[in-house]
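Protein chains in written order, with the working numbering: chain S, 4 to 287; chain E, 5 to 901.
Honestly, the hints are just simulated from the structure, not real lab data.
Fair warning: there could be bad hints in the mix.
[To be verified] With a straight-line cut-off of 27 Å between C-alpha atoms, the simulated DSSO-like cross-links for lysine-lysine are:
id: 1; chain 1: E; residue 1: K778; chain 2: S; residue 2: K94
id: 2; chain 1: E; residue 1: K900; chain 2: E; residue 2: K778
id: 3; chain 1: S; residue 1: K206; chain 2: S; residue 2: K145
id: 4; chain 1: S; residue 1: K54; chain 2: S; residue 2: K90
id: 5; chain 1: S; residue 1: K90; chain 2: E; residue 2: K778
id: 6; chain 1: E; residue 1: K380; chain 2: E; residue 2: K410
[Stated by the list, open to error] Only part of the chain E face toward chain S is listed, based on derived beta-carbon distances under 7 Å:
id: 7; residue: A63
id: 8; residue: A73
id: 9; residue: E276
id: 10; residue: T769
id: 11; residue: R773
No experiment lies behind these values; they were computed from the predicted model shown.
We treat Cβ as the ideally placed atom computed from N, Cα and C, and that holds for glycine.
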Amino acid sequence: MAAYHRPDRMEDALGLLAEGGVTIAAGCTDLFPATEARSLPGSVLDITGIKALRGIGSASSGFRIGAATTWSDVIAADLPPAFDMLKEAAKEVGSRQIQNAGTIAGNLCNASPAADGVPCLLTLDAEVELTSIQGVRTLPLKAFITGPRQTALAPGEMLSAIHVPQSAVQGRSRFAKLGARRYLVISIAMVAVRIEVEDGHVKQAALAIGACGPVATRLPELEQALIGQPVDSSLPALAIDAIITPALAPIADIRADAIYRAHAAAELMRRALADLAHEYEAAA
Amino acid sequence: MNRPFDTLTLSVNDETVSLPAHPGTRLSELLREGLGMRGTKVGCDAGDCGACTVLLDGAPVCACLTPAAQAAGRNITTVEGLTATRLQSAFLRHGAAQCGICTPGMLMAATALLERIPTPTRAEAEEALGGVLCRCTGYTRILDAVLDAAPGAAPPMPDAGQSVGAPLERLDGAPKVDGSESYGADHVPEGALLVRAIRAPAAPMTFTFGDLEEWQAAHAGPLHIFTASDIPGVNRFGVIPAFVDQPALAQSRVRMRGEAVALVAGDPALIESLELETFPITWAEAPSDAPVHDTHPDNTLITGVVRRGTAQDALKNAAHLASGHMRTGYVEHAYIEPEAGVAWMEGDTLVIRACTQAPIMDRDDTARILGLPLEKLRILPAATGGGFGAKLDLSLQPLIGLVALKTGRPARMIYSRAESMATTTKRHPSDMRGTIGVDAEGRLTGMTFDGDFNTGAYASWGPTVSGRVPVHASGPYYIPHYHAEARANYSYEPISGAFRGFGVPQAAILQETLFDELADKAGMDRLAFRHLNALRDGQDTVCGQVLHGVGMAACLEALEEPWKKALAWAETENAQGGAMRHGVGVASCWYGCGNTGIPNPSTIRVGITAQGDLRLHQGAVDIGQGSNTVITQICADALGLPIAQMQIIDADTARTPDCGKTSGSRQTYVTGSAALRAGAALRQRILQMTNMGKEAAFHLDGTTLTVSDCQAARHIALSDLQADANGYVLAAEETYDPPTRPLDENGQGAPYAVYGYGAQVVRLTVDTRLGTVKVTHITAAHDLGRLINPILAEGQVQGGIAQGLGLALMEEYIPARTENLHDYLIPTTGDMPPIDTIFLEVPDPEGPMGAKGLGEHVLIPTAPAILNAIRHATGALVTELPALPHRVLAAMREAKA
Numbered sequence: 004m005a006a007y008h009r010p011d012r013m014e015d016a017l018g019l020l021a022e023g024g025v026t027i028a029a030g031c032t033d034l035f036p037a038t039e040a041r042s043l044p045g046s047v048l049d050i051t052g053i054k055a056l057r058g059i060g061s062a063s064s065g066f067r068i069g070a071a072t073t074w075s076d077v078i079a080a081d082l083p084p085a086f087d088m089l090k091e092a093a094k095e096v097g098s099r100q101i102q103n104a105g106t107i108a109g110n111l112c113n114a115s116p117a118a119d120g121v122p123c124l125l126t127l128d129a130e131v132e133l134t135s136i137q138g139v140r141t142l143p144l145k146a147f148i149t150g151p152r153q154t155a156l157a158p159g160e161m162l163s164a165i166h167v168p169q170s171a172v173q174g175r176s177r178f179a180k181l182g183a184r185r186y187l188v189i190s191i192a193m194v195a196v197r198i199e200v201e202d203g204h205v206k207q208a209a210l211a212i213g214a215c216g217p218v219a220t221r222l223p224e225l226e227q228a229l230i231g232q233p234v235d236s237s238l239p240a241l242a243i244d245a246i247i248t249p250a251l252a253p254i255a256d257i258r259a260d261a262i263y264r265a266h267a268a269a270e271l272m273r274r275a276l277a278d279l280a281h282e283y284e285a286a287a
Numbered sequence: 005m006n007r008p009f010d011t012l013t014l015s016v017n018d019e020t021v022s023l024p025a026h027p028g029t030r031l032s033e034l035l036r037e038g039l040g041m042r043g044t045k046v047g048c049d050a051g052d053c054g055a056c057t058v059l060l061d062g063a064p065v066c067a068c069l070t071p072a073a074q075a076a077g078r079n080i081t082t083v084e085g086l087t088a089t090r091l092q093s094a095f096l097r098h099g100a101a102q103c104g105i106c107t108p109g110m111l112m113a114a115t116a117l118l119e120r121i122p123t124p125t126r127a128e129a130e131e132a133l134g135g136v137l138c139r140c141t142g143y144t145r146i147l148d149a150v151l152d153a154a155p156g157a158a159p160p161m162p163d164a165g166q167s168v169g170a171p172l173e174r175l176d177g178a179p180k181v182d183g184s185e186s187y188g189a190d191h192v193p194e195g196a197l198l199v200r201a202i203r204a205p206a207a208p209m210t211f212t213f214g215d216l217e218e219w220q221a222a223h224a225g226p227l228h229i230f231t232a233s234d235i236p237g238v239n240r241f242g243v244i245p246a247f248v249d250q251p252a253l254a255q256s257r258v259r260m261r262g263e264a265v266a267l268v269a270g271d272p273a274l275i276e277s278l279e280l281e282t283f284p285i286t287w288a289e290a291p292s293d294a295p296v297h298d299t300h301p302d303n304t305l306i307t308g309v310v311r312r313g314t315a316q317d318a319l320k321n322a323a324h325l326a327s328g329h330m331r332t333g334y335v336e337h338a339y340i341e342p343e344a345g346v347a348w349m350e351g352d353t354l355v356i357r358a359c360t361q362a363p364i365m366d367r368d369d370t371a372r373i374l375g376l377p378l379e380k381l382r383i384l385p386a387a388t389g390g391g392f393g394a395k396l397d398l399s400l401q402p403l404i405g406l407v408a409l410k411t412g413r414p415a416r417m418i419y420s421r422a423e424s425m426a427t428t429t430k431r432h433p434s435d436m437r438g439t440i441g442v443d444a445e446g447r448l449t450g451m452t453f454d455g456d457f458n459t460g461a462y463a464s465w466g467p468t469v470s471g472r473v474p475v476h477a478s479g480p481y482y483i484p485h486y487h488a489e490a491r492a493n494y495s496y497e498p499i500s501g502a503f504r505g506f507g508v509p510q511a512a513i514l515q516e517t518l519f520d521e522l523a524d525k526a527g528m529d530r531l532a533f534r535h536l537n538a539l540r541d542g543q544d545t546v547c548g549q550v551l552h553g554v555g556m557a558a559c560l561e562a563l564e565e566p567w568k569k570a571l572a573w574a575e576t577e578n579a580q581g582g583a584m585r586h587g588v589g590v591a592s593c594w595y596g597c598g599n600t601g602i603p604n605p606s607t608i609r610v611g612i613t614a615q616g617d618l619r620l621h622q623g624a625v626d627i628g629q630g631s632n633t634v635i636t637q638i639c640a641d642a643l644g645l646p647i648a649q650m651q652i653i654d655a656d657t658a659r660t661p662d663c664g665k666t667s668g669s670r671q672t673y674v675t676g677s678a679a680l681r682a683g684a685a686l687r688q689r690i691l692q693m694t695n696m697g698k699e700a701a702f703h704l705d706g707t708t709l710t711v712s713d714c715q716a717a718r719h720i721a722l723s724d725l726q727a728d729a730n731g732y733v734l735a736a737e738e739t740y741d742p743p744t745r746p747l748d749e750n751g752q753g754a755p756y757a758v759y760g761y762g763a764q765v766v767r768l769t770v771d772t773r774l775g776t777v778k779v780t781h782i783t784a785a786h787d788l789g790r791l792i793n794p795i796l797a798e799g800q801v802q803g804g805i806a807q808g809l810g811l812a813l814m815e816e817y818i819p820a821r822t823e824n825l826h827d828y829l830i831p832t833t834g835d836m837p838p839i840d841t842i843f844l845e846v847p848d849p850e851g852p853m854g855a856k857g858l859g860e861h862v863l864i865p866t867a868p869a870i871l872n873a874i875r876h877a878t879g880a881l882v883t884e885l886p887a888l889p890h891r892v893l894a895a896m897r898e899a900k901a
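Please build the complete structure, drawing on both the sequences and the hints.
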C-alpha cells in the first residue's frame with residue numbers, strides 16, 4: 004500500500020518532495036476524477052495540513068495567495084476590485100462543493116487549457132512561487148504553464164504561492180465564461196479583463212482569453228490599442244475579431260468548433276469591456 | 005507517517021468513530037463501506053453529480069473527492085444526521101424525491117444553504133444546488149421544497165373511496181429522504197465477493213486469452229476468473245425473444261467498446277487492487293466493414309412500415325409542401341445510480357438483487373443464460389435510482405449471478421460511471437427525412453417519413469423503435485395518406501435501446517418542425533394549424549384505428565391563452581432590437597401506452613389476512629415515477645377501504661404476480677387496470693358474503709371487517725375464515741391485458757388500446773451573437789384522462805421537460821469521449837425554466853377510471869417546441885441536435901445565405 008503523507012510543516016513536505024515519487028495533493032478535485040480507484044493511487048503528499056499555504060495576504064509589494072487557498076477562500080476574501088474577475092471565476096469553478104475543496108494552485112498545476120483561474124491571474128500579472136529544498140524561485144505565470152497539462156515545475160518543487168504585484172492591483176476587472184449549461188460546466192471560451200482608467204481614458208489594459216488554445220493567452224496588441232481610448236460605449240468596438248483571433252489557437256472538440264470558439268471569445272471580450280466601461284461611467 | 009492503515013478518527017453526525025483506513029481513501033468509500041452508512045450515494049466518483057455531498061464543518065463537499073485524511077478531525081454531517089427536519093418533510097410534501105438517488109446530496113447542499121441563508125431566494129437556491137444533478141424531477145419541486153422548508157403538515161390521508169385525485173405524498177417517500185432507501189449498491193451480504201469485468205477497449209475486435217492460471221496465481225488470495233466458457237446455459241440474451249443476440253460474456257469477438265469478455269471475482273480488497281490492464285488477453289482489430297451480425301449482411305435489423313392511402317399522389321396534389329432532414333445523436337439516460345447489485349444463493353435458489361425496471365424479464369433471460377429453471381431464480385428488485393428505459397435490459401444480473409452460482413458466495417458488482425455509460429443502452433441516433441403536404445385551407449393531405457435509427461451492436465429495443473416510429477410519426481393529427489418507414493440498423497457502436505419514447509421523440513422533432521413551415525406557407529397561426537388538424541374522437545389514425553377519448557384538441561385549446569401571451573411577449577421584446585431575439589414555439593405529442601400490438605398483461609393480487617392486514621401485491625417496479633402510490637390509490641378506491649390501511653408488497657418475483665415491465669407509459673394504465681379489477685373483485689366478494697348492496701361502506705378494524713349501509717351493518721370475523729395458499733382469508737387476483745390488434749404488413753391495426761396526448765408552448769431567448777439559447781418559460785398541457793395523483797403527475801411533466809430540454813440543447817453522447825458527467829452534459833438547476841402545467845381529463849373509455857399514460861409523452865413536445873421557438877426568434881431551423889451554440893449560429897448563417 005502506497006504511502007500517504009500529510010505533513011504540517013513545509014520543511015517536511017519539501018524533504019519528501021526531494022525524495023521524489025510523490026504526487027502532490029490538495030483539493031483532489033482533479034486527482035480523484037482521474038482514477039476509478041477507491042483511494043488515491045501512488046504515494047501522495049497532501050499539502051493541506053500546512054497552515055502557511057492557505058490564505059491571502061497583502062503587503063506593499065502586492066498580494067500573496069497561498070497555494071492551498073480554496074476558491075471559496077478567494078470568494079470570501081476582502082480584495083480590491085482588480086480581483087473581482089478572480090472572484091467571478093471562482094464562482095464559476097464547478098460547483099460550491101468543488102469551490103470548497105479545489106485550490107488555486109491546483110488549478111494552475113493541472114494546467115488545463117480551460118482552467119478558470121488562469122486568464123484572471125494572467126491579467127493580474129501573477130507570478131508563481133516555486134519552492135524546493137534548494138530554495139525558492141519565481142516565474143511569471145505565463146512562463147509556468149508551458150502547454151496543455153504541462154508546467155515548468157521541476158522535480159522536487161512545489162507551487163507554494165501566487166504573487167500579484169501591486170502594479171497589477173489596479174483598476175476594475177471582469178470575467179466571463181461561456182459553457183453549454185449554467186453550472187458544473189467546462190468553458191467553451193472565457194475572458195478576463197482588467198482596465199485602469201485615468202480622466203475617463205484607458206491608462207492600462209490587461210486582457211486574456213482562455214479555452215481558445217493550448218494555454219490561456221494575453222492580448223498585447225489589443226491592450227495597446229485600448230490605451231488612451233475613452234472609456235464609454237465606444238470602447239468594445241475596438242475589440243475587433245481581426246485583432247483578437249490571430250492571438251488564439253482554438254481547437255474543435257465536443258463542446259464547440261474552432262471558428263466558433265474564437266468568435267465567441269471576441270464577443271465575450273467586447274461584452275466584458277462594455278460592462279466595465281458602463282461600470283466606470285456609472286461610478287464617474 | 006507512512007503506515008498504510010492508520011486508525012482514523014472521524015466525527016460523523018456528532019459521534020466519534022475510529023476505524024482502520026488508508027488516509028487516501030475517498031470519504032464516500034469510508035462512510036459507505038467502512039462505516040456502513042450508505043445514505044451517502046455515489047454517482048460518478050468525479051465531483052460531477054454531487055450525489056455524495058456531505059458537510060465538512062458545515063460546508064458542502066463531494067465525499068468522493070475528499071481523502072479521508074482531510075476529513076479526520078472535522079465534523080462530518082451526512083443524510084443520516086438529518087432527523088425529521090423541516091427540509092425533509094418539505095421534500096415529501098412537494099414530491100421533491102422521485103427515484104431518490106440524488107435526494108441525500110440535495111438535502112445536504114440545501115441544509116448548508118439554509119444554515120447560511122434561512123430564507124433564500126430561488127436564485128440563491130438554484131446556485132446552492134447547482135452542483136447536484138437530478139435526472140427525474142427537472143428540479144422544480146426540489147427548489148420548491150427548499151424555499152418552503154417551513155413546518156407544514158402532510159395532507160391528511162384520504163377516506164375510503166377518496167384517494168384517486170388526491171394530492172397524496174408518495175407512499176414510499178420516507179426512506180428516500182432519510183437515507184435508508186436501499187439501492188443496488190446498498191445491500192452487502194457478509195463475505196460478498198466483489199466482481200469486476202474485463203472489457204473491450206474498442207470494437208470491432210477479436211481476442212484470445214493468455215495464461216489465465218498464471219495471472220491468477222500471481223496474485224495473493226483466491227481470485228476467480230470467469231469467461232464465456234463458464235456460462236452453463238445459453239450465452240445470449242435480449243429483450244425481445246425473436247431478436248436475442250447479445251452474449252453475457254463475449255466469446256471471441258466484440259462488437260462494441262466496453263463489451264465484457266471476462267470477470268474477476270474475489271475479496272474486495274484484492275479485486276480493487278487489481279490492475280486490469282495486466283489481464284492476459286490479446287486484442288486484434290477486426291474489419292469494420294464486415295456485417296455486425298452474419299445473420300444481417302446489410303446491417304438492417306428490421307424495418308417498420310405504416311402505409312395507408314396514396315401518400316405520393318397526395319403530396320403531388322398538395323397546395324403547400326414542407327420537406328426536411330433532421331439528425332439526432334446518441335443520448336445517454338444519465339440516471340444518477342450506475343448499475344449495481346448483488347447475488348447470493350438461498351439453498352439452491354439464486355437470488356439477484358439489483359436495480360431494474362423489469363424483474364420478470366430479468367429472471368427469464370438470466371435463468372436461460374445460467375441454465376436454471378425459472379423457479380430457481382428469484383429477482384428481488386433493489387430501489388432503482390433512475391431508469392428511463394435503460395434498466396429494462398440486463399446489465400450485471402447474469403454476471404453476478406454466474407459468480408454466485410459458481411462460487412456459492414454472494415457476489416457484488418457496482419458499475420463505474422464510465423462503465424455504465426459505455427456499456428448500457430442509449431437513445432437511438434436518428435437520421436430522418438420527411439415531406440408533408442396540406443391543401444389550400446391548411447388541412448393535412450399526406451405525409452412521407454423515412455428514418456434510419458442506429459441500434460448499435462445488439463438488437464435490444466431496436467425492433468420496438470422501428471415499430472413505434474412509423475405508427476407515431478404522423479403526430480396526433482389526422483392524415484389520410486401516409487407512408488412511413490423506420491429502419492433499425494446495426495453498427496459497431498453502443499447499443500441503442502429504450503429511452504423514454506422509443507424513437508417517437510426523434511420523429512416528433514422532424515414532424516413538428518415541418519408543421520411550422522407548413523403553417524407559415526398556409527398563412528396560418530401555428531397553434532391554429534395544429535388545432536385544425538388535431539385528431540378528433542371518431543377519426544382514425546394512420547394505422548386505421550378509430551380513437552375515442554382523444555384530448556388533443558382540448559390540450560391545444562388550453563394553450564390558446566398562454567400562446568397568445570407568449571407571442572405578444574416576444575413581439576414586445578423583439579421591438580426593442582438588439583442581439584437578444586425572443587421566440588415562441590409549440591409542439592404536440594401523442595403516445596400509445598404499452599406494447600405495440602402484442603400481449604402485455606399485468607396481474608394484481610390484493611388480500612386481507614386473518615389478522616386484518618390488507619396487502620396489495622404490487623409488482624410494477626417504481627423507479628421513481630410513482631407506481632407504488634398510483635396503483636395503490638386505484639386499488640384502494642376500487643375496494644372501498646382507506647389507502648392508509650393498505651400495505652404494499654413491492655416487486656419481487658417470489659411474492660408478486662407479474663406486472664410486466666415499467667416501460668411504454670403502461671403502469672398506470674395496464675397495472676392500474678388490473679388493480680382496479682382486483683380491488684373491485686374483492687369488493688364484490690365481500691358484498692356477496694354479506695349480501696349487501698354495491699353502495700355499502702367497508703370498515704376494517706382489527707380482525708373485524710364491517711360492511712354497512714344506512715339500513716344494516718354486517719360484521720366479518722376475519723380470524724374465523726380459512727386462509728388460502730397465499731395466507732389470505734379474503735383475496736382477489738385479476739389480470740388485465742390491453743385489447744390490441746396486431747399490425748398487418750401495411751401497419752394497419754390497433755397497436756395500442758389507450759393513447760395519451762399533450763402539447764407544450766416554449767418561450768426562449770437566443771443570443772444571436774453567441775448562439776446560446778435560454779428557455780425562459782414552458783406551459784405544458786397534457787391530457788391524462790384522469791388525474792390520479794397531481795403531485796406525481798406534475799413531477800413527471802417537469803422531469804420529462806428537463807430531459808427534452810437536454811435533448812434539444814446540450815446532450816450528445818460520443819463513444820469514448822463523453823463517458824463521464826462533465827463532458828456529457830445534462831441540465832442543472834440553472835438551466836430549467838418555470839413550468840406551468842395544465843392537466844386535461846378527457847376520459848379514455850378503456851383506461852382505469854378513464855386514465856391514460858403520461859411518463860413518456862411529456863418529453864416528446866419539448867425539443868421540437870424549442871427548435872420551433874429558435875426558428876421563430878431567428879428565422880433559422882437547427883437540423884442537427886443538440887442545438888449547441890455553434891450549431892445555432894451556423895444555422896442562422898445558412899438561413900441568411
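To see whether the hints hold, each was checked on the structure:
1. E:K778 with S:K94: Between E:K778 and S:K94 the Cα gap is close to 20 Å, so the pair holds against 27 Å.
2. E:K900 with E:K778: Holds: E:K900 and E:K778 sit about 22 Å apart, inside 27 Å.
3. S:K206 with S:K145: Satisfied, since the Cα-Cα distance of roughly 23 Å is no more than 27 Å.
4. S:K54 with S:K90: 22 Å, holds
5. S:K90 with E:K778: 24 Å, holds
6. E:K380 with E:K410: The given pair, whose Cα atoms are some 14 Å apart, holds under the 27 Å limit.
7. A63: Hint holds; E:A63 Cβ to chain S Cβ min 5 Å, cut 7 Å.
8. A73: For E:A73, the interface hint holds, since the closest Cβ of chain S sits about 5 Å away, which is under 7 Å.
9. E276: Because about 6 Å separates E:E276 from the closest Cβ in chain S, which is inside the 7 Å limit, the hint holds.
10. T769: Check failed: Cβ of E:T769 comes no nearer than 14 Å to chain S, outside 7 Å.
11. R773: 5 Å, holds
Comparing the model with each earlier hint shows a violation of hint 10 alone; every other hint is respected.
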